[in-house]
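There are 2 protein chains.
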Amino acid sequence: MKEKIITNTLPGFTELLPAEQIAFNKMLDIIRKAYEVFGFTPIDTPVLERANVLLAKAGGETEKQIYRFKKGQTDLAMRFDLTVPLARYVSEHYNNLVFPFKRYSLGKVYRGERPQAGRFREFYQCDIDVIGNEELNLRFDAEIPVIIYTIFKELGFEKFTISINNRKIFNGLFESLNIQEQSAQVMQSIDKLEKIGEEEVRKELEKLSLPPESIKKIFKLLGLKGSCNDVIDGLKKLEIKNEQFEKGTEEISEVTKYIKQFGVPENNFKINLTIARGLDYYTGTVYETKLDEYPEIGSVCSGGRYDDLVSEYISRKLPGVGISIGLTRLFDQLYKRGLIQIKSSTLTKVLILPMSEDTGYGLKLATKLRENNVPVEISFAQNNIKKRLGYANKLGIPYVIFIGEDEVRDNTFFVKDMISGEQIKINIEDISRAIKILNK
Amino acid sequence: MKEKIITNTLPGFTELLPAEQIAFNKMLDIIRKAYEVFGFTPIDTPVLERANVLLAKAGGETEKQIYRFKKGQTDLAMRFDLTVPLARYVSEHYNNLVFPFKRYSLGKVYRGERPQAGRFREFYQCDIDVIGNEELNLRFDAEIPVIIYTIFKELGFEKFTISINNRKIFNGLFESLNIQEQSAQVMQSIDKLEKIGEEEVRKELEKLSLPPESIKKIFKLLGLKGSCNDVIDGLKKLEIKNEQFEKGTEEISEVTKYIKQFGVPENNFKINLTIARGLDYYTGTVYETKLDEYPEIGSVCSGGRYDDLVSEYISRKLPGVGISIGLTRLFDQLYKRGLIQIKSSTLTKVLILPMSEDTGYGLKLATKLRENNVPVEISFAQNNIKKRLGYANKLGIPYVIFIGEDEVRDNTFFVKDMISGEQIKINIEDISRAIKILNK
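Residue numbers (this note's numbering), protein chains in the order written: chain L, 1 to 440; chain R, 441 to 880.
Next up, chain L with everything else stripped away, as it sits in the complex (with noise of 0.2 Å):
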């Protein structure tokens, strides 16, 4: 006998059983659904691309990261995220797009690192981005966190906390006491605030030889907490005289003021003026929001606004604003957790049983009720009745019609409920009463 084949997905791949996909797909419904009524619009670009495209924008550790082949004599590589592909694509299709573009994308992306804990090589970006030629009005900043408020809430959430910050306001204070060199080390210790705590992070930027002085307002800023309103007005008393610090300051305080009016709870968003979100393209509102619950699943969606999404491909100027939820790990963070709703492994709401070999009758049925949009299988099986039956109840079908000769003579059918075991006798005239029960 020949040897069998290894079957497992590789490190870092994953495919769910039927039920956790369906649970997957309904999640990835209700972004579609919240991303479309928002206005955004469906975008799907290829998974291959040329290596050069895809690596134009990216730093040292994507390069190690990704995926990337010769095919003859092209250099290709899959996409490592769906802001690349977007700004590839938005210069190619420039002269056919409507300005500003609300595009949005959901879909798979790759990144070869060594596989950790809760680290995919493939898995699912759901990714929307407004983008403004030349210019981009505010308020789209304002609007984002009503879109991630209205997704968060719809996947069942009431306790979550989306940050807001300002990339400005640091680069700012950054600028006021001479230290832009030094910036980026300087964030990434912020960055660990919350892990290490402010002495650890004092320690760190005083082995960076910063000034004191620079230490204390760093740290004067950092601890501006309270309502948005209170941390603006702390803003506004620091005094620094800088130009990018008070525009900053003036974008936070706006971008806020629409987020109330757009109806958000005070209690689901914040300003934080910790977060930095890593990536180097971001130069003003920046998001993140953490599951107030499960601080330590870290943030679940993140984004920013960028001035400049496509210098590397064409001369124009075409600033953005976006979002990315990672909803493979997203899952898999909620499933370990029993957060995952796991109903039935699968769609069907009923199953039909003829009982006899004519089947005729009961494949009206079926036909009439899919046009209704009621998922329906057929019993073909020959078997006995009740192994036909534990097929319903192992995939968790919730109804089951019988259909025997009665029913045939007599134009009618009954509708089971699988749980309650009620039974429901329906004339097929009346099918419309059918349909309400298995739709509910």
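Everything labelled a hint here was simulated from the structure, so no lab data went into it.
Quick caveat, the model's predicted, so the values are computed rather than measured.
Heads up, a few of these hints could be off.
[Claimed, not checked] With a cut-off of at most 25 Å between alpha-carbon atoms, the simulated DMTMM-like pairs for lysine to aspartate or glutamate come out as follows:
#1 R:K444 with L:D307
#2 L:K4 with R:E575
#3 R:K700 with L:E15
#4 R:K473 with L:E36
#5 R:K444 with L:E134
#6 R:K676 with R:E653
#7 R:K808 with L:E36
#8 R:K511 with L:E15
Dock chain R against the given chain L, drawing on the hints supplied.
Same frame as chain L, but now just chain R:
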């Protein structure tokens, strides 16, 4: 200035503009919906797999076309269809699946072949398969054409033909003629019947040194035409004494009987004894679907029954039946012929235009509409009204809502139909009226 990077997609890869993408997604949704109402469950497998897993079932052509590369020590390949990953999935999760296992997969597959007109290297396949454990009722073979019929009706086609054949018929004939060894070559010639005509096929068969008597029998069989009953009667009258032939005749007779019972009109399906479907693994029923008015497109939905899905991976007998729609190609062919209805570049139903700086009232209205699944955008641009309306016009947003000081004071708003120019005044308490208009 740095040189700009090429931004078009690679040959054989495609991406769509928003209006086309919306039309494409609509087709995809129709297919998904049909698969779901027939009781199929979504499954998503990785795009990247171990090369030996994907190539376990593959022949020489596939091996040449596959995107295959090494990352570290791992020999990777991109999936070239959705059937091989299904076989691996079913093998891997055998103990956690309920049989018959009905799954659908919608996803991209990759073939690195030399791109020709109308050929794609990255394209969507939309597959369903029913996998039985040890056995699978023949009625599942009959349900497949019902699904094809449902989908193509829903896609807006009236004139299409689902051709049905059974591999056992020709295999049995070849057995009875003792020419099994040449069967592959004979089938290849028969496959060309429509293209090159009877005389050329006859010449090819003569070159294979088939006895004249055998060629005569083959053409007698190929000559069977007419209604399903005509063909089946014709097959029986051939009086070929071969178990496989008789089994095939019986199966096709049963399958076509059930297809009628399911309600597929007789002008949408027929028996066509000339179709073979290239793939070796089909062992019973095979399907092809052609658009009657565009036969040059070729088959738009094909598939068949196979006895053995998983033997490369596990020692089980799992027969199945399934079909695949190559949606990227179908869309492309229809689009070229002007058969895709391109409506607008957005899903947005209404653009809200706040006429003053105070956008609070407009934001609240937007939230209410979105809560009722109406896709809404808010015009945040500060430029003149003509430009802002231009945005709606260019995208094809069907309605706009103006909000000025009067509207805020009176708790009203105007819904303007962008095509007819008609304006309807609505009180904000009566928002369900607006929802009805916008969702129609």
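Structure-based check of all given hints:
A distance of roughly 18 Å separates the Cα atoms of K444 (chain R) and D307 (chain L); the hinted pair therefore holds under the 25 Å criterion. At roughly 22 Å between alpha-carbon atoms, K4 (chain L) and E575 (chain R) fall within 25 Å of each other, so this suggested pair holds. Proximity of K700 (chain R) to E15 (chain L) is assessed by CA-CA distance (about 38 Å); at most 25 Å being required, the pair is judged violated. Under the criterion of a C-alpha separation no larger than 25 Å, the hint pairing K473 (chain R) with E36 (chain L) is consistent with the structure, at around 18 Å.
Under the criterion of a C-alpha separation no larger than 25 Å, the hint pairing K444 (chain R) with E134 (chain L) is consistent with the structure, at around 19 Å. Of the pairs offered as hints, the one joining K676 (chain R) and E653 (chain R) holds, with about 19 Å between alpha carbons and a cut-off of 25 Å not exceeded. Note on K808 (chain R) and E36 (chain L): the hinted pairing holds, with a Cα-Cα distance of about 15 Å set against a maximum of 25 Å. With a C-alpha separation of about 21 Å, the suggested pair K511 (chain R) and E15 (chain L) falls inside the 25 Å cut-off, and the hint holds.
Of the numbered hints listed earlier, the single one contradicted by the structure is hint 3.
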